[in-house]
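Undergrad: Given the coordinates of chain A, work out where chains B, C, D, E and F should sit on it, guided by the hints.
6 protein chains.
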Amino acid sequence: MAMHQSVEYTEASAEVRAVYDDIMATRKTDWINNFWKALANDPATLRRTWESIKQIMAPGALDPLIKEMIYIAVSVTNQCPYCIASHTASARNKGMTDAMFHELMAVVGMANETNRLASGYQVEIDEQFKQ
Amino acid sequence: MAMHQSVEYTEASAEVRAVYDDIMATRKTDWINNFWKALANDPATLRRTWESIKQIMAPGALDPLIKEMIYIAVSVTNQCPYCIASHTASARNKGMTDAMFHELMAVVGMANETNRLASGYQVEIDEQFKQ
Amino acid sequence: MAMHQSVEYTEASAEVRAVYDDIMATRKTDWINNFWKALANDPATLRRTWESIKQIMAPGALDPLIKEMIYIAVSVTNQCPYCIASHTASARNKGMTDAMFHELMAVVGMANETNRLASGYQVEIDEQFKQ
Amino acid sequence: MAMHQSVEYTEASAEVRAVYDDIMATRKTDWINNFWKALANDPATLRRTWESIKQIMAPGALDPLIKEMIYIAVSVTNQCPYCIASHTASARNKGMTDAMFHELMAVVGMANETNRLASGYQVEIDEQFKQ
Amino acid sequence: MAMHQSVEYTEASAEVRAVYDDIMATRKTDWINNFWKALANDPATLRRTWESIKQIMAPGALDPLIKEMIYIAVSVTNQCPYCIASHTASARNKGMTDAMFHELMAVVGMANETNRLASGYQVEIDEQFKQ
Amino acid sequence: MAMHQSVEYTEASAEVRAVYDDIMATRKTDWINNFWKALANDPATLRRTWESIKQIMAPGALDPLIKEMIYIAVSVTNQCPYCIASHTASARNKGMTDAMFHELMAVVGMANETNRLASGYQVEIDEQFKQ
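Residue numbers (the numbering used here), protein chains in the order written: chain A, 8 to 138; chain B, 8 to 138; chain C, 8 to 138; chain D, 8 to 138; chain E, 8 to 138; chain F, 8 to 138.
Isolated chain A (complex conformation) (with noise of 0.2 Å):
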């Protein structure tokens, strides 16, 4: 990443490390990855995304775990090498086992495929799915 410094902890403005320190309070951990800081170029579009991200990862309906798989269900359908590497690495973290990988990889394999059998055949949505 050559046009886009990254930015250090040490090398932050009170901004950035006041982000900084709530991403490692919350993750329990004592590191920033790659992503957050490409981001704190733009301690603006840092905060918004970091304040995002911990509202909509929380525990909710949905635990931390089923969430960390939908983003990878996404990122994988994207083709975003970074988003899979950490968002597996993460998953893994929240207790995805082999098991659960494997099979969320089989689910997102056949939907992309069915996704463009839908497509490619002009198949037209049926009444039941309009209620």
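Simulated from the structure, these hints should not be mistaken for lab results. Keep in mind that the hints are not guaranteed to be accurate.
Repeated chains share a single entry, so a pair holds when one copy, or any two copies, can fit it.
[Claimed, not checked] With a straight-line cut-off of 25 Å between C-alpha atoms, the simulated DSS-like cross-links for lysine-lysine are: (1) Lys-137 - Lys-61; (2) Lys-137 - Lys-101; (3) Lys-35 - Lys-137; (4) Lys-101 - Lys-61; (5) Lys-35 - Lys-101; (6) Lys-35 - Lys-61.
Because the structure is a prediction, the values reported are computed rather than measured.
TA: For chains B, C, D, E and F alone, kept in the frame of chain A given last:
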């Protein structure tokens, strides 16, 4: 769907009927949705796709409702209207609440956003994520 | 298509008519489909796009029917309803049989599935494929 | 691919070896590429994916080289580096010439362009394409 | 949109009304479009999404019309009909001329084409672009 | 890029050199980037692509820097690493500041998010957007 004749049960071959019967028995329903009626124009693809989906979507390390929500995540990312409508209906039938749907959408939206921030900022994969 | 006026032959400029005439002559048909009538709002893009398509879709190392099927594969992957409908019709006109269409769809579906299995499992490119 | 152990033939279970043997026999080759070694972590997906690909990519109404080129068209559209590298190599092995590859790329590029012109101009599907 | 009730102003909670009021005041308009009425089923997402968009789309280093055109470029690439229609209308309201729209479409189409030529030809990133 | 020989100026045909010369003259630079050296394997595509880009990216109703940023928006959405790197470098050369880049990324990220919220909530297009 003008070009691909929808294959109704009453006019279907024995091979196609056998798949339709298995779909209805497995799903405990008495109708077949348009996706399968379109695929029935190609009995080999109908059978292979159904057998794969039946195996993949069965209870396992992930429960069927979680799998339906992963299916929705992929379909929404790919912008497939038929798939979004049909799998949202299926997830509702399997117990997806409004709260679960809202959190699902929030995660899918966020993942699609950060996938692009990661690629746009050309973020390099952290060594920690390679282990 | 409310915002973009469809440019009919009778109201078209000489520049647009010349492209329309060439489309009809090349395709041995007596009508212009909506795609071109929309592009005609921007004669430079109309001409450039038509000249490119005419050159690219002509017989060469691949025959025109194969090219139409490749066009369908891309359009289905991208979920473009207009493009799926128009290129499926064109491929039919050029001799695509039901059996060919079914096999095309099967390959497109499978490729979309394995594309995601490859990225989700973070598979490294074999040395053999680099030669 | 750090998180997913690559399953080599010598350490594989009998179930996995049976699939590997069939892949090598069908393809008349003596090695297994990384894609299958990754999927082998989940023998059910390995078997299902191989059986599907073997059936779909066999000679039929379309010949295997055409099918490989359709596979490339999808993989390029989805930006999957592994899939592009592996299927381009396969297509070369099946006889794809430079001229064929160049025309394939030209069609894939053009289709990706006009897919967006069609959606951006909000072009309505012609009645003629609905028949 | 059958499954997700559209939340009208008169039936909205105070929390939702506050967002609706801010949308109308910010945009100097007296109606709310369907996107927000759908999100209103999940007030947390409604608020978070509106606050983010309000911040991001405000005048800054790029003017609001340029931002709307970038929004169109993404929506067209993703094939999202709702987003194409709504952001094209917004851009028109902010002064996008026909000539600007035509050039926007030409660039979006071309970028989608060359994105695939670059990946299909497996082009390596030049050292100069890494600085 | 093993399979596609990179065509250097000194070994290029007169036809390819003519395009290379025009690229360097138009861009006021003394080198050719890898994208063109790859396309040069197919002189017809090299020429057509360059002529189209030269026409499309020239100053018009939108200035060249805005066009480069639209190119980045598409490339980031499609996850094309080569295109992101090359067009980000070009935009920098044309005057894109850090602040402009940050806002561009924020809009691209947001658009990718709301594109999915719109489709996932199955939002119907407002009548107002159809005029």
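Undergrad: Look at each hint and say if it fits the structure.
TA: Right, here's what the structure says about each hint:
1. Taking the shortest Cα distances, Lys-137 and Lys-61 sit within 25 Å of each other only across copies (24 Å), while inside one copy they are farther apart (34 Å).
2. For the homomeric pair Lys-137 and Lys-101, the shortest alpha-carbon distance between copies (17 Å) is at most 25 Å, but the shortest distance inside one copy (36 Å) is not.
3. In this assembly of identical chains, the alpha carbons of Lys-35 and Lys-137 lie at most 25 Å apart only when taken from different copies (20 Å versus 44 Å within one copy).
4. In the homo-oligomer, the alpha carbons of Lys-101 and Lys-61 lie at most 25 Å apart inside one protomer (15 Å), although the nearest pairing across protomers, at 28 Å, exceeds that limit.
5. In this homomeric assembly, Lys-35 and Lys-101 come within 25 Å of each other (Cα to Cα) only inside a single copy, at 12 Å, whereas the closest approach across copies is 35 Å.
6. In this homomeric assembly, Lys-35 and Lys-61 come within 25 Å of each other (Cα to Cα) only inside a single copy, at 13 Å, whereas the closest approach across copies is 32 Å.
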